[in-house]
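Here the sequence shown stands for residues 1 to 186, numbered as in the working numbering.
Each hint can be trusted.
Derived DMTMM-like pairs: lysine to aspartate or glutamate, alpha-carbon spacing no greater than 25 angstroms straight-line:
no., residue 1, residue 2
1, Lys144, Glu116
2, Lys137, Glu84
3, Lys144, Asp86
4, Lys144, Asp133
5, Lys144, Glu84
6, Lys144, Asp43
7, Lys137, Asp42
8, Lys137, Asp102
9, Lys137, Glu111
No lab work stands behind these hints: they were computed from the structure.
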Amino acid sequence: MDRRQALLGIAAMLGSSLLPPIRAAIAAGMDPVRMTGGTLFDDRLSADTAALAEVIIPTTDTPGAAQAGVAQFIEFMLQYWYPETDRQRYLGSMSQLASHCDEQHGAAFSELAPTEQVALVTRLQNGEVTGMDDGGKALFEHAKQLTLFGYYTSETGMTVERHYLPVPGRYDGAYPYDKVNTLFTS
1 MDRRQALLGI AAMLGSSLLP PIRAAIAAGM DPVRMTGGTL FDDRLSADTA ALAEVIIPTT
61 DTPGAAQAGV AQFIEFMLQY WYPETDRQRY LGSMSQLASH CDEQHGAAFS ELAPTEQVAL
121 VTRLQNGEVT GMDDGGKALF EHAKQLTLFG YYTSETGMTV ERHYLPVPGR YDGAYPYDKV
181 NTLFTS
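Can you make the complete structure from the sequences, with help from the hints?
If you want it as structure tokens, here you go:
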């Protein structure tokens, strides 16, 4: 299976919940690995986006979202694949998050302690952040989908996290999980 078929499979699996810009990029045959190099973010927005993505997919025994370059993927998607109104909505939500962090913590999101970042992202997920449209729930859902898609289509996500097998072996549906301990593709 080539990367395009894998992306179409991801799109089919996520169905209508897949963000329209991601669907458009897949339909156009864009290679997510090459989706980097935008000029939309300033330093703070880039750092905050990387930190938010890292909370969603943290570094554990495998690289996290920051190491996989997810922030650059998100910037590229916003800059080149998003309609202006959707781009401005996302950037506006990130600006609201930055304002909240400045007012409540006196620091950028990326400068907060990891425990504070996790607590704030949990509040975003629950729609409980004051001063943000819908408490930040829409921002969290949007950032989560972009992060997951960016991570699992990155070289890191495809080769390290999912243990890509360039020459697939035979399928064994009864293979003991305790011998694998992770997802892998063939």
